[in-house]
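> If you read the sequences in order, they're chains C and W. Its first residue numbered 1, the first sequence is counted upward by one per residue in the working numbering. Its first residue numbered 1, the second sequence is counted upward by one per residue in the working numbering.
Since the hints were made in silico from the structure, they are not lab data. Source: prediction; values computed, not measured. Every residue gets a Cβ at the ideal spot worked out from N, C-alpha and C, and that includes glycine. Just to be clear, a hint being listed does not mean it is correct.
Said to hold, decoys possible - No more than 25 Å apart at the CA atoms, straight line, and that leaves these computed lysine-lysine pairs for DSS-like: (1) K132(C) / K348(W); (2) K348(W) / K466(W); (3) K124(C) / K414(W); (4) K355(W) / K186(C); (5) K77(W) / K78(C); (6) K71(C) / K414(W); (7) K186(C) / K414(W); (8) K358(W) / K186(C); (9) K132(C) / K414(W); (10) K194(W) / K186(C); (11) K186(C) / K348(W); (12) K205(W) / K78(C); (13) K197(W) / K355(W); (14) K186(C) / K482(W); (15) K197(W) / K186(C); (16) K317(W) / K510(W); (17) K482(W) / K132(C); (18) K435(W) / K80(W); (19) K205(W) / K194(W).
To be verified - Computed list of chain W residues with no C-beta within reach of chain C, every gap over 12 Å: (20) E105; (21) I271; (22) I285; (23) S296; (24) N323; (25) A376; (26) V383; (27) G516.
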Amino acid sequence: MDRRKALQKTGLLAGATLMMPTMLSILQSCKEEKRLDWQPEFFTEDEAKTVSLLVDMILPRTDTPGALDVKSDIFMDKVIARTYDAEGREHMRSEIAAFNADCEEKYGAVFIDLSESDRIAVLKKAEADSGKFNPGVWGTAVGEQEPIGFYRGLKSMAIWAFFTSEEIGENVLSYDPIPGNYEPCKPVSEVGNRWSL
Amino acid sequence: MANFNIDAKKDVTYDAIVIGSGISGGWAAKELCEKGLKTLVLERGKIVEHVVDYPTMNLDPWDMELRGGLTPEQKEKHYKAIRSGWIGTDTEHFWADDEANPYTEEKPFLWLRGHQMGGKSLLWGKQTYRWSDLDFEANAKDGHGVDWPIRYKDIEPWYTYVEKFAGISGEALGLPQLPDSHFLPPMELNCVEKHIKSRIEKQFKGRNMTIGRVAHLTQPHNGRGQCQYRNRCSRGCPFGAYFSSNSTTLPAANATGNLTIRPFSIVQSVIYDDQKGKATGVRIIDAETNEDIEYSAKIIFVNASALSTTQILMNSKSNRFENGLGNDSGELGHNLMDHTYRVGALGKVEGFDDKYYKGRRPNGIYIPRYVNIDEASKSDKFVRGFGYQGGAHRGGNAANTESFGAEYKDSILKPGPWEFFITGFAECLPYHENKITLNTDVLDKWGQPTLTIDAEFKENEKALNKQIQEDAVEMLEATGVKDVLGFDNEHPPGYGVHEMGTARMGRDPKTSVLNGFNQVHAAKNVFVTDGACMTSSSCVNPSLTYMALTARAADHAVSELKKQNL
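Model the full structure from these sequences, guided by the hints.
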């Protein structure tokens, strides 16, 4: 809840300019592309590929499912399509464009067309440069929230989408819909992963 | 316990009418029905039957299409209330429609409303504390507002009475400023809270930390089940483990056979008969058909929630009461109060990485008031006081960690860092100029005048908030909490959802609206026992006091009725 609200809030705060796609990105988008295997409600096909690749790099498959396995990208598209207002949607679009324009300027191609090492470099820089979410009390951030930028916001949304998916929520995290009692000092070893609810 | 009698067509005459079915209205209905009065409860919204009408009570996030997210249309419907941060798809249906029920903010004010059977008793925080003579004597001692017409000894037996029925869990401390309730066993502190409690109590003389006193059952009680630690309370509890009108008082009222509850009944006014010198009934508009209907009764309890109650009284004009029913003093609508909210401190706690908890406890810690309780604790910066709520949990914001990829993903599946916070609730003084007025320029969906709210916190509340933050930072730092961050979100009134005042109790009809038994001074068969009646605000949560005042007033009402005094 915190993350989602903070994300929506910062979506309005963060400043980014609407970038036009450059000739280079149009040319590059023609080569070696797999088609998406899902139909986005909000994203363009290229935007969807960008977001899918980002969430896959942030939360990859390990011995547990990754973000793409639980369709976090598809859910994020739906959330933006159905809960953002027109201004929020437009802002998301412009932020993805600005992110790609930045990749082009520094590495000569949009994000999905970069080499793996360049993409890792982009994410490392984004981690270092993006703002942080203020802590919250009872679901609301305290203090004045500074703009957190596109990357941190997207990462936060990806984590929310990941944690609240049925597969992760029921089978990977510790799931107990009706605890029945409160055990105030339980060893972590008896619980395992964090509680999903 | 199904099958409420909602057929108010065949009979327009009752012994008693109760306007509103929230915490205080539910209590009025129960007490009056159990004392044998044929009682009509008028509810503005829909019927919400316990369990049957809790559509989201068992949903996991992934069971909801948007996992809690609201559509732009839902946000628009709740465009004012959404500022609270409380509204998601899981509870959206229990919050009033702001578009159909507009209000005007002269100064920023958040007015949260629950327009359904049970009202906000489905949504409240369940924190329940007795008030003490520190509270009931405060106005008389420092001269703000007027004196309460009652003292702790007047209400003490009624606290016990409502607590035994409602079921209040908590720990007895024997503090004069926060009298103990008749308790069910307390919920437990987790290991970090226990650690901080011992440090605070050792390092700060006169300060205590305890588990919150709450209207959650820690064992089965009066046919209701105990808390299952799901923390999905505001969706409605299928176990009936927290106190709501729906789970507790209205079923008891219904069991008498004396209850009729009429949904979709917007009360337009209380009818006052100049000849008889008393109220004779209530005029409503059917929210669905727009039909005007009048119901009559010998006594009328107005329990529509603080501001709505006063709105009804202000809209009840007659030759005798040109400025609203019971407004001889000119105080009707004035002295609006709330508690300050979201000011305190938070930080991280190290050294408990191998400890966790099981269960989502719908409760936290409480630090009772410790300033201005005696000469030794007297502040020269402000009058009155504050208490803290808070708690420890494992959380953290995984998105903030500067990392990504396989190792990162596996790490965030583990429990996050321990965090601890406390946030104060300060008493607000009863300022005459903090007020509501009828607005005939802005009408609601049914053509009724709406409210203009003109209230603000002033210097005393700001001084209290400053102390709350300073003390919070000091206590957290002294107990070894790391990265301590003080905060003050500077919320305007309303965010505490403890609206009090606007039809205050008092000794003198010239300066108050209600007498010591919550009767309108000049219309004694009209009772007000919700937040509107409050003469001061204390710093502790008020709902338990509404329950006790209501039971006490209902007892008085029936006794007076039998003596033919009403």
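> For each hint, tell me whether it holds in the structure or not.
Status of the hints after comparison with the structure:
1. K132(C) / K348(W): Distance of about 16 Å is within 25 Å: holds.
2. K348(W) / K466(W): holds (22 Å)
3. K124(C) / K414(W): holds (23 Å)
4. K355(W) / K186(C): Distance ~6 Å between K355(W) and K186(C) Cα, so the pair holds.
5. K77(W) / K78(C): holds (21 Å)
6. K71(C) / K414(W): Between K71(C) and K414(W) the Cα gap is close to 21 Å, so the pair holds against 25 Å.
7. K186(C) / K414(W): holds (14 Å)
8. K358(W) / K186(C): holds (7 Å)
9. K132(C) / K414(W): holds (20 Å)
10. K194(W) / K186(C): It holds: about 14 Å lies between the C-alpha atoms, which stays within 25 Å.
11. K186(C) / K348(W): holds (19 Å)
12. K205(W) / K78(C): Distance ~54 Å between K205(W) and K78(C) Cα, so the pair is violated.
13. K197(W) / K355(W): holds (17 Å)
14. K186(C) / K482(W): This hinted pair holds, its Cα atoms lying about 23 Å apart.
15. K197(W) / K186(C): Holds: K197(W) and K186(C) sit about 19 Å apart, inside 25 Å.
16. K317(W) / K510(W): Distance ~19 Å between K317(W) and K510(W) Cα, so the pair holds.
17. K482(W) / K132(C): Given pair K482(W), K132(C) holds - Cα atoms ~18 Å apart, limit 25 Å.
18. K435(W) / K80(W): holds (19 Å)
19. K205(W) / K194(W): holds (17 Å)
20. E105: holds (19 Å)
21. I271: Holds, because the least Cβ-Cβ distance between I271(W) and chain C comes to about 42 Å, which exceeds 12 Å.
22. I285: Fine: 34 Å to the nearest Cβ keeps I285(W) off the interface.
23. S296: The assertion about S296(W) holds, with a minimum of 45 Å to chain C.
24. N323: At roughly 39 Å from the nearest Cβ of chain C, N323(W) sits farther out than 12 Å, so the non-interface label holds.
25. A376: Holds, since 31 Å exceeds 12 Å.
26. V383: holds (27 Å)
27. G516: holds (36 Å)
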